[in-house]
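Chains as they are written, first to last, in the UniProt record's numbering: chain A, 1 to 129; chain B, 1 to 129.
To be clear, the hints were calculated from the coordinates, so they are not data collected in a lab. Remember, predicted model here, so these are calculated numbers, not experimental data. Mixed in with the good hints there might be a few duds.
Simulated DEER-style distance windows between Cβ atoms [unchecked claim]:
hint, chain 1, residue 1, chain 2, residue 2, range
1, B, Gly122, A, Arg3, 34 to 40 Å
2, B, Gly91, A, Arg60, 36 to 42 Å
3, A, Gly105, B, Arg60, 43 to 49 Å
4, B, Ser2, A, Arg72, 18 to 24 Å
5, B, Gly122, A, Asp26, 22 to 28 Å
6, B, Asp57, A, Glu104, 41 to 47 Å
7, B, Met44, A, Met58, 29 to 35 Å
8, A, Pro90, B, Pro125, 35 to 41 Å
Ideal Cβ positions, reconstructed from N, Cα and C, are used throughout, including at glycine.
2 protein chains.
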Amino acid sequence: MSRTAQEEANLKLVLDMFEHVLNPMDSAAVERFISPDYIQHNQMAAPGREALKAFLDMIREQTPEAVHDVKRAFVDGDHVTVHYHVRRWPGDPGWAVIDIFRIEGGMIAEHWDVMQDVVDGGPNPISQF
Amino acid sequence: MSRTAQEEANLKLVLDMFEHVLNPMDSAAVERFISPDYIQHNQMAAPGREALKAFLDMIREQTPEAVHDVKRAFVDGDHVTVHYHVRRWPGDPGWAVIDIFRIEGGMIAEHWDVMQDVVDGGPNPISQF
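Let the sequences and hints guide you as you build the complete structure.
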């Protein structure tokens, strides 16, 4: 691999955020990872870091068994890409998600994502992931 | 940037494929970029390289004005990520797409993607892109 130490640190920051924020849906850990100037590009989210905390509190209440199963992750300079499978409850086909994060000053400063329902029984027998 | 020459070549291969295959929807150019052993993870696509050619022929006929507008692209070793906006016709809100490609032997050997409708008027005033 050709990753620099800074790239390894950026990738680790994002994977640590998955472990400590997204998987446990823990709004109390947001400020360790997310910049106060967080730029949110998800269309359905209200902008900013406080809105992210409220979103995490909501999904933890609504879907306490949700899992965010990381399939692959990459880093290029200050951008990190994560491909993962969200299942809201056991047996949920769930969503395929790819997130792109921009890191600045050791924090996640910007976020884009694309989400899609996982559909069983389509024409392709190969896994979505 | 910390990209190696091989990473720059991998990124260029994918962006050249967008220019010569995806944007013109040109099935005749597929074999210059896509491995004969192409692994397709898109759920709605039939597997393999020949199916990709048939798909391109179909969309060129159905949506000859389609554009694939690349917003950002990254490379990490043999994986390339591209975030882009598909509009099938002028004025189409279109889809947000993130593709991940794996490069092997100078060809695109594997592909994952996630697609989502672009929705106007959601709670977030910041662009999807």
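Hint by hint, here is what the structure shows:
Distance hint check for B:Gly122 and A:Arg3: the Cβ-Cβ separation is about 35 Å, which falls inside the suggested range of 34 to 40 Å. The hinted range of 36 to 42 Å is satisfied by B:Gly91 and A:Arg60, whose Cβ atoms lie roughly 40 Å apart. The hinted range of 43 to 49 Å is satisfied by A:Gly105 and B:Arg60, whose Cβ atoms lie roughly 45 Å apart. Remark: the range hint 18 to 24 Å for B:Ser2 to A:Arg72 is upheld by a beta-carbon distance near 20 Å.
Our hint of 22 to 28 Å for B:Gly122 and A:Asp26 holds, since their Cβ atoms are close to 25 Å apart. In this structure the supplied range 41 to 47 Å holds for B:Asp57 paired with A:Glu104, their Cβ-Cβ distance being about 44 Å. At about 31 Å, the CB distance of B:Met44 to A:Met58 agrees with the hint of 29 to 35 Å. In this structure the supplied range 35 to 41 Å holds for A:Pro90 paired with B:Pro125, their Cβ-Cβ distance being about 36 Å.
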